[in-house]
Each structure stands twice: as structure tokens, then as C-alpha cells.
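> This is what each chain is made of:
2 protein chains.
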Amino acid sequence: MTARIEPSPALFSALRALLGERFSVSPYDIESHARDESWHEPEPPDGVAFVESTEEAAAVVRLCAEHHTPIVPFGAGTSVEGHVQAVRGGVSLDLSRMKAILSIEPDDLDCRVQAGVTRMQLNRELEKQGLMFPVDPGADATLGGMAATGASGTTTVRYGAMRENVLGLTVVTADGRIVKTGGRARKSSSGYDLTRLFVGSEGTLGVITELQLRLQPLPEAVSSAVCAFESLDGAVDCVVEALQSAIPVARCELLDEASIDAVNGYSKLDLPRAPTLFLEFHGTQSSVAEQAELSRAIAAQHGGGEFRWSARREDRDKLWEARHKAYYALKALRPGARGWPTDVVVPISKLAECIRETVADCGSLGLLAPVLGHVGDGNFHVAFLFDEGDAEELGRVREANRRLIARALAMGGACTGEHGVGLGKIEALEAEHGEGVELMRKIKQALDPEGLLNPGKVFRD
Amino acid sequence: MTARIEPSPALFSALRALLGERFSVSPYDIESHARDESWHEPEPPDGVAFVESTEEAAAVVRLCAEHHTPIVPFGAGTSVEGHVQAVRGGVSLDLSRMKAILSIEPDDLDCRVQAGVTRMQLNRELEKQGLMFPVDPGADATLGGMAATGASGTTTVRYGAMRENVLGLTVVTADGRIVKTGGRARKSSSGYDLTRLFVGSEGTLGVITELQLRLQPLPEAVSSAVCAFESLDGAVDCVVEALQSAIPVARCELLDEASIDAVNGYSKLDLPRAPTLFLEFHGTQSSVAEQAELSRAIAAQHGGGEFRWSARREDRDKLWEARHKAYYALKALRPGARGWPTDVVVPISKLAECIRETVADCGSLGLLAPVLGHVGDGNFHVAFLFDEGDAEELGRVREANRRLIARALAMGGACTGEHGVGLGKIEALEAEHGEGVELMRKIKQALDPEGLLNPGKVFRD
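Those protein sequence lines, which keep their order, are chains F and V.
Numbering that gives the first Met the number 0 puts the first residue of the first sequence at 0, with every later residue one more than the last.
Numbering that gives the first Met the number 0 puts the first residue of the second sequence at 0, with every later residue one more than the last.
Among the clues, some could well be false.
Because identical chains cannot be distinguished in the list, a pair is counted as satisfied if it fits within a single copy or across any two copies.
[What the hints assert, rightly or not] In silico SDA-like pairs for lysine to any residue, Cα to Cα no more than 20 Å straight-line:
{"#": "1", "residue 1": "K127", "residue 2": "E437"}
{"#": "2", "residue 1": "K330", "residue 2": "A390"}
{"#": "3", "residue 1": "K443", "residue 2": "V178"}
{"#": "4", "residue 1": "K179", "residue 2": "L101"}
{"#": "5", "residue 1": "K330", "residue 2": "R34"}
No lab work stands behind these hints, which were simulated from the structure alone.
Please read all numbers here as calculations on a predicted model, not as lab measurements.
With the hints as constraints, model all of the structure from the sequences given.
Okay, here's the thing in C-alpha cells:
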């Protein structure tokens, strides 16, 4: 890792002149911008710039570029691979005050928001107009951060990931220019797809300041169910067959026995201790009923027990809140332990095998590592729980993570389905993409020749 | 436009040594690779290389790179903005013999194909396994060409465009290296999205030789309907309301009166002369019936007449074949005329206004220019029909096209929804993206520094 770059007093004066009190070097602001929710060590920035507009963000980037100072975009700080750590120092560019919802267009099913709007904030507004933004990673992340990380989540099986739901962006480039990508059209073949290039680029190619998002109508009817299975394979096979049968499942989440223990304890549920699917169906009253009945029949053929229904919104909310809080629930399985959440994605036909081998491997390494996943996407999470002071145990976690990634890649999968590369998966990216990483580096070099945008992430320095 | 580059005899000897008879300079092969289906003038390559594998394609590119000779990828030649014209000479790299379907995985709903496989060839194979590849641009294009152009079509409203349906690619880079992008996972946040960068790059960043494609199960039930409307606005408003009501319409095509005349004449139909929607619904028997009934009720509120149903497959096929052959039908409206097909895309709330103004504008310019469109995407086509020998009329077509693009951009749309930039929309791209084109140029420069991959397309030389 290249050393930290000493910040220039002239830069700090200029940032103070630009932003006043909104440029901060207070210990509280520095510390709260030194890390995300991951296991990675904190790396404090030298200052934090709280911007309120695209123009201010561009001005900050221009000043930093003049002074050859790194810029690390910061949203809600909910990322999990060290994306916001200022490993080379510099300025944390905090976009969380850019909270304006700029437009909502029900006829076009789209909206435009500033990057600091969170998904829950947006959905509260959209709901008033019968609309929703479906991408749901669990955390109340900012939409700018979700785009930068290439986030997805529980509803991706039906509605797609950020990549499929961002129509256009406003981006500040490494030299401080403001560029609009994409637009309001629902599709386009007009030139290179800059929008999708910035989505998932983790702040290393530009700073996302505004987003044009595709929306969905709120479904007329929603129904959720929980179903326990005799085996993990049965649960996965059920989902495979449901997708092959073109049932438009809106969510289908898999929890292993350890995860069921965790959510039972943390969210006061009484689910049987077995591999379990949380399912949700969206549609008209009759189509939801039909989807549920077809799914129930398929589940029964694969060792699924009874469907426990939650057609009432408060029951549904309780169920999905339990799922969303699963990471905290898992951490509570071992009080005081540090959590290391990771994710991989494989072709769905390999999912049961990949999870089984992973659980066995973690067991043989003596690790507590519950598993839950977005089974319809072939994507699952492992939450390693370890004693922060125990270097030997941390070594075993590293080994388990290394083997998990190798296992997923050998099965034709990817080293991360939705967490991104950040600091934690740089070697995995190389193992996965080989020569492709050279192309990524060429693009990085072309768009950020000085390497000032979120340095140390995605690529080895 | 930069001048043509004189081919090197040494290159031709090397290509002959590599490919034998499959490197051709015959007048027939040269002429048949000089143009696509567009109005753009033919530009013959100096030779045509018929490759049969990724390795051969890479070897051809390496040889051309050594001799600083342009490479123009060629699939089925069905593009419509001059994408395959060899404006600077060089070698047409014909991938149409790469016709192997490498794998079909029903459990994962994916397949891998060589770039020369056409969509109809693929769908014939998939149908045997109850699967389909939904992207349907009308022409029986190669899948490599469809990816390169960023194609979409009649089913995009439900299933997405190529961008949403390509999981990964094998690409030959400008220096002849073979790079795999993406993979088999249904989603990924592992590094920059090279797959989506190559999709829609029109052969200017690399040569696509293999594709990993996402598949859909064949729907249990399919139902098609035709509905005539009192007004264009009524037809568009009907679709807006259907989408807002979350009806998962599988296809919804709009034909104006002139287009109805054309398909009636060409495909022996007897549709009333009025703005008309062709609709299709996919699902279970009962959900298709429900979708259709909901749509009928919405149509009735917007001046729609009776639904004429085609639940029988042969009737449906006749209807969609008529839609697919519409371009030929339109050309038959004026025998002997040259056709200039173009497309733009706007936010759907602007679609009726954009079409109305376009029809009026073409009328005021004295042009015959029927309109049809993928109304659910806000995307429509205009087919200008003009006398090839009449320079004055061609001038009016150019003016109408220029105004059409300006109108779409002013409404927040894009200069092309699915045809691509090619030779014909280079200025439009600049008008649409401004500074964004600079970023695209930087990427082009980074990945193809000598500018040998499909030169003269997308950017001004």
C-alpha cells in the first residue's frame, strides 16, 4: 500500500473558504469517516467536506486535484469492504447532505434524486404516489452509495440490481468536470454505456452526485410466506423450479439453521430450526394467490413443510425486518465478537453445493459462520464471527474466506455478488478476471490518471 | 473522414496462410461486406476473413494490428446505421460461421453461444427445452451483432434489452488478446462492468466472439390482441396506465395509420385504419386472461375499440410476422423508393407528443414517413421513404431526421433507442452527451490507441 499523502495547508484553506464550517477536521468527523461497517481497520481522512450540491462537489474535487490530494466519496458509511477508508489520507467527500428528491414522474415511472437520498427516504415519498424503488440491500444506504457499490438485495430476483434500475447519473470526474450520463429514456443505444460503467466503480472513476432511477408501481397485493425444508438442497431446488416455471417471485431468501437460531433469538420469532425460505409475491390479488399456490406445490415436492403466511402488512414487516436485521442477529450469536460479512455468487445450480461445502469447511476450521442468501440470484452471505484479539482465529477466518472465494470461482461464480471489491477482494478480482483487470486498469488510468479518486480500492496500488 | 488505408500485401499473405480459402478478396465477398441494411453508401473492405473460432479471430486481429490495418466485425449485416461499412478499408472480420451453441443450462436459465449464432437459430434449440431468449429486434441478427449494437425490440418492455440479458462475453481486444468478461452468475459487483461496456460499443472497443446469455422459461400461456384507438394519445395513455398498474405486458407495439396501411397491404391483414396497439401477454392461463381483461378495460377508457384476439399460435405468428416485416411493408408503400430507417427514444409521457410532432413535421416537408414503435419503452421508428436519385428530397429527409433527433433530445430522450450510432448519429451523440463523449473517447483511446477497431463509427475521426 502506498503511503498516506500529507495534506496541503493551502488546500485546507481553500476548502474552508469554499465550505466554511462544512469543511471539518474535527476529531469526531474524522473518526466517523474513517470506516464503514466492515471488518477493515479504520483509516481516517485528513478532512471531511460536507457538500450540498453537485457544483460544490465539483469544486472540492477540482481543489483536491490541484493539490494532488485523494478524494474518498462517503454516503451513509454502510458499505462492507472498506470502501470509505481513506487509506492514503485526503478528503472524505461527504454527500449525505445532498438529500433532495428532485423530481418524481409517475407517468414515466422514474425519478431524479441527489446522491445523499437514502432508499427509505425515497420510498416514503414514493409510497404517497403509489410507487416504489425496489432495490433493497437491507441497510438504509444512500442511493449514490448503492450505485457506486453496484448494490442489489432481496428483490433483485424480480426487479434487478442497481445496474438495471439506474437510468442516468450526474458524475464529477477526476478533474472536477460535471458530466451527465444516460438520461430519462428507459433504454438507449446511444454510445458507450457510461452509466453502467460508473455503477459499481466504487468511487474510483468519478463521484456520483445525482441519479435518475427507474421506479415500479406498488403492487396491488403482497403476500409473504415462510417455509422450512428437510434439506438445503430441497430449498434451493424449490427455487430453481419456481424460476423455471416462470413464477415471478418477488423475494426468496434462504436462511440456514444457524441463521434461523439467530433471527429467532434477536427478532423474537419461533421458526423451526431448519433450512428455511422467506418468500414474497407481488401482483394482483388473484395472481398472488396463484403464485403462492404454485410455489407451495413445488415446495412440497422438495421436502418443504407448510407455508406460514403473513398477508397482513405488520406480520410481513416483522418478517422482513428480521431478515434485514439478520447481520445484527448473527453478531448477537457470539456477544462481543467482531463480524466479517462476505458474499459470493454462483450459478444457481451450484448454490446448494457451494453452501454445503462452505458450512462444512467453516466447521472444520472451527469457525462460527452462519449463512443466508438471495437464493434466486445464486448469491449468499457468510458472516464470520471472531474474537478481535485472537490473531490465530482471524487467520482461520482469512483462510475460510480465501477458500470460499476459490470455491465460488471454480463453480463459475463471482467473488462478490453485491458487496463490491473495496479493500477486501482485490486479489479475488485478479483471480476472477485475469486479463480483464488489465482492461479495468486502462479505464481507470484513462479517467483518473493521477489516481486520486478513492485510491487503494478495487486495484492493488 | 480520414482516407482509406492501403492494405499491405504481407498482411494478406499472412491471412491467407492462417485461413486459406477463408480469407477472401473475391468481388462477391467484398461487395456483400460493404454495407448493412441502412441508407448509408457501401464502403468495401479490402478483404474478408471468415473465422471459425475465438483463437482465429484473435490471430486475425493480431495480424491486422501488426500491419496497422482496420478491422470491421461483421455478423449478419442487418444493422441500420452503417456499422459494417469499411470506411477506412481494411479487413471485414466475418463471425457468421461461428455458429456453435456451446451450452444450455436449464437449471441456471443461461446458455453460452458463439457470436455468429442467430437469435432464431438459438430459439429453435431452446424451445426443445422449454426455454427462450427473449430479445427480438425483428431481423434474424447474430447474437454477437445484437450485443455489439445494444439491440432490443418488441419484448424489451417485459424482458429487457441485450444489456440486461448478456451475462458475460469473450472479447478479442485491439492487440489481439482474448479476454473474458462477466461470467455465469446472474449478478455481480466484482469490478468494473466490462460486459456492459462492450455491449453497445459497436465493435469499436473489441470483437465479441462468445456470449453468455440469460434465458427465460417459455410461458405456459401466450395471448395476443390487436386494438385500434380513436387517437394516438389514447393508445399511448393506455400503455402508460397498463404499466402503472403493473400489468406485465410482454409486447406492446404501436402502429400509426400509414403503418397500418402498409402491413394490411403487405401481410394481407384487414386492420382498421387507425392508431393501433399490438399486444402480447405471457403467463399462466389464468394470469394471461387477467392481464388481458385488465388491459381491455384500460383501453376502453382511452378510446380503444374491441380487442381482436389471437390465442392460436398460427394467428399470433401471423400478427408478429406482419410486425417484424413492417419495414419491408413500409418500403412497399412506395415501390422503388430507398428506405432510411431511424429511431429515437423519449420518456413515455412525451411519446404521443413526439410522434404527433414528427408526423406533422414530415408532412410539412412533403415526406412519406410512417411511424411504428415499441411504445412501452418510449421508443419509435420512422421509415423515411425517398427517391434515391432525388438529392433535393434526400435533403428534406436529412432535415426531418435532424429535427426528429433534436425533438427527442429536447424531451429528455436519446438519439437512438436500439439502432446505435454507427455512421449516422455521430453528431447526434455529441449533441446528446456533451462532455460525456469526451469520456467515451478517453475509453476508446485507452482500449484501442491506434484506432483500428471499426474506425469512423461512433466518433468523428
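> Any hints this thing doesn't respect? Which numbers, in order?
1
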